[in-house]
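S.K.: Starting from the known structure of chain A, fit chain B onto it as the hints suggest.
From first to last, the protein sequence lines are chains A and B. As numbered in this note's numbering, the first sequence has no gaps in its residue numbers, which increase by one up to the final residue, 849. As numbered in this note's numbering, the second sequence has no gaps in its residue numbers, which increase by one up to the final residue, 849.
I should point out that these hints are in silico values taken from the structure, not numbers from a laboratory. Even glycine gets a Cβ: it sits at the ideal position worked out from N, Cα and C. Be aware that one or more of the hints could be misleading.
Stated by the list, open to error - Here are a few chain B residues that face chain A, going by a calculated C-beta distance under 7 Å:
no.	residue
1	Q559
2	D630
3	G632
4	G637
5	Q646
6	E672
7	A673
8	S748
9	A751
10	K762
What the hints assert, rightly or not - Which residues of chain B face chain A? A partial, calculated answer using Cβ under 8 Å:
no.	residue
11	A503
12	H599
13	P668
14	H707
15	G808
16	L824
What the hints assert, rightly or not - Covered stretches of chain B, going by a simulated chain A footprint (3 or more residues, C-beta under 8 Å):
no.	segment
17	575–588
18	720–728
19	794–803
20	813–823
21	842–849
Number of protein chains: 2
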Amino acid sequence: MQSPWPEAGTPLDQVATPMPVIDEDRLAANIARAQAYIDQHGKAFRPHIKTHKIVAVAKAQQEAGAVGINCQKISEATVFADAGFTDILITYNILGAAKLARLRALHERVPHLSVVADSAVTVDGLAGAFDAARPLTVLVECDTGGKRCGVQTPEAAAQLAERIAAAPALNFGGILTYPAPGGAEAVEAFITGTMALLAARGIDCPVRSSGGSPDLYKAHLVPSATEHRAGTYVYNDRSMVRAGECSRDDLAMHVLATVVSRPAEGRAVLDAGSKALTSDLLGFSDFGEIEGFEGARIVSLSEEHAVVDIAACRDTFPPVGGLVKIVPNHTCVVSNLFDRMVFHRDGIVTRVEDVAARGTVW
Amino acid sequence: MQSPWPEAGTPLDQVATPMPVIDEDRLAANIARAQAYIDQHGKAFRPHIKTHKIVAVAKAQQEAGAVGINCQKISEATVFADAGFTDILITYNILGAAKLARLRALHERVPHLSVVADSAVTVDGLAGAFDAARPLTVLVECDTGGKRCGVQTPEAAAQLAERIAAAPALNFGGILTYPAPGGAEAVEAFITGTMALLAARGIDCPVRSSGGSPDLYKAHLVPSATEHRAGTYVYNDRSMVRAGECSRDDLAMHVLATVVSRPAEGRAVLDAGSKALTSDLLGFSDFGEIEGFEGARIVSLSEEHAVVDIAACRDTFPPVGGLVKIVPNHTCVVSNLFDRMVFHRDGIVTRVEDVAARGTVW
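One chain only, chain A, in its complex shape:
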């Protein structure tokens, strides 16, 4: 049975739908632009590979000058360790004997592996799984307004750092945060406050890692951060355009879809449902943007259908069998739905890559 994945050289309008496709030139420009900006401000750039989960894209980010990569889970990091990446930061609390054993095995073969922790329980678990012969580097995760994980105050950060530093099996690597959008001031204050407390305790704080694509081009507003982590910027999406982080010309991912029905006045149905776009709204009231048809709104998603209100453009919207290009609200989660990813230039497929870390949630 014919594979859905197109051969190189296939025109985009012959690619099976629904299909996310990546513009090679926009991807390369996004990689270069972010690296240049971070270089200009004297920081290290550490891309979060979750947005693409593709070895070749991470290699391109590395070749552009990334200091290493950011992964979210051990299983995700394992894929990239298998591909030879030597500097991996896992921004997650690793807990439980099985996961600690997997982390230990990873640490044997990744020259520069770091993790984060935001509690004594997590730190003690890590300390028990490693040894002084080759300590594990641990950063303290700080909540600087994101209200997710992280210690709540510089005092708590310094305390946890001391606990890490006191463990022979661990090495205190620094502090890290995933900020609230627009939270540069809070990040800077937290970092400087924590560093002062650490200095008073005689503890170095070599890495101060901030992150997020919404604030990628505001990273210079956190002068005390030594590195910036970002994932979404590599493809961009509707939420990044709204955030002002990129222009529409920087949108590298589109989801191609076919109009499968025009069943009633003002309604069209596409073959891209939540299993191609996800239901991520990210603050939007509709499920994606159909390029070139302003006023068309994806008002509901089933698993395999998008219902589009085309009242504002019924005369121009494509007929049954026609093709559309959707800008997803959120690109990272689209990558995680597909086993492979199609790349293109000038309307022609260039390559298809394995989304090697698809589904790696453990």
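M.R.: Chain B alone, transformed into the frame defined by chain A:
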């Protein structure tokens, strides 16, 4: 590197998280209950395999008495054809040369293959891809209030049925709808209206297919329907409990998760994010239900984190490292995130099955 998939015999509390797990006994009971009800009302039952996408589960549904299976896309159907299923209904408008060629190839090897159509464009495309030597069976999809695909009136249904019947390469199989929840009257009226018009034109309407899990146990309210299709009932989820379609004891899927942080008063973070649960709200205001902790609310999801408001149960909620069981808002989309599915009985893993049709959206 250790696989995340547990061996049979593993206790559930040692399964890597986040992980959806299926209770064998509840699954078997759901399959039996639905089949018995439909049998009792003299209809055919056609499970939609999208909810599990697993060959062994479809076989169990078949063994219980299902007349065949329902798939949403050709690629999904192909997986089940490869596994030997002989009666497959694809409830989708199939368009374009490539998809028609794939449908043709499928038709060569599936003894009873049917599709739907809701437009002349779709019907004509199908007619051009098949031939009179072995016609393709096509049902007319009708919009009976679901406001997705489907012809809008019995008159339009009869007209499209005539077009199908007039094509030597096609066989008119009947009519089909995916109703609005609670829409039994509208379905019955549409069916009887269409059948009367078809009878007047001398056209048989052998299959009248209705569907949906929310109305599975109201299928008898559509006496003119010959078959009922349903997917979600096999596992059930939070939306099915809310619909009154099942009790909490019929919930076969839970997503196991670990508490990875208790960073602030009233907040906990789990390792199950949108990449384990999806962001599907289905009308709920939170992202899933944590069993046994009434008042705990999953207020936000990142890709790999769930932020839980535990203000109402902070003294009983598990500490960092503790395990919880989440009832997903929507089970079907969780299946589509995982390559394999873990089954259990009495707290012990029984088997792990391939989610063979994961990601088959074309």
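S.K.: Would you mind marking each hint as holding or not holding in the structure?
M.R.: How the hints compare with the structure:
no., hint, result
1, Q559, "holds (5 Å)"
2, D630, "holds (6 Å)"
3, G632, "violated (12 Å)"
4, G637, "holds (6 Å)"
5, Q646, "violated (14 Å)"
6, E672, "violated (20 Å)"
7, A673, "violated (15 Å)"
8, S748, "holds (4 Å)"
9, A751, "holds (6 Å)"
10, K762, "holds (5 Å)"
11, A503, "holds (4 Å)"
12, H599, "violated (18 Å)"
13, P668, "violated (13 Å)"
14, H707, "violated (25 Å)"
15, G808, "holds (5 Å)"
16, L824, "holds (6 Å)"
17, 575–588, "holds (count 7)"
18, 720–728, "violated (count 0)"
19, 794–803, "violated (count 1)"
20, 813–823, "holds (count 3)"
21, 842–849, "holds (count 3)"
Checked against the numbered hints above, the structure breaks hints 3, 5, 6, 7, 12, 13, 14, 18, 19 and satisfies the rest.
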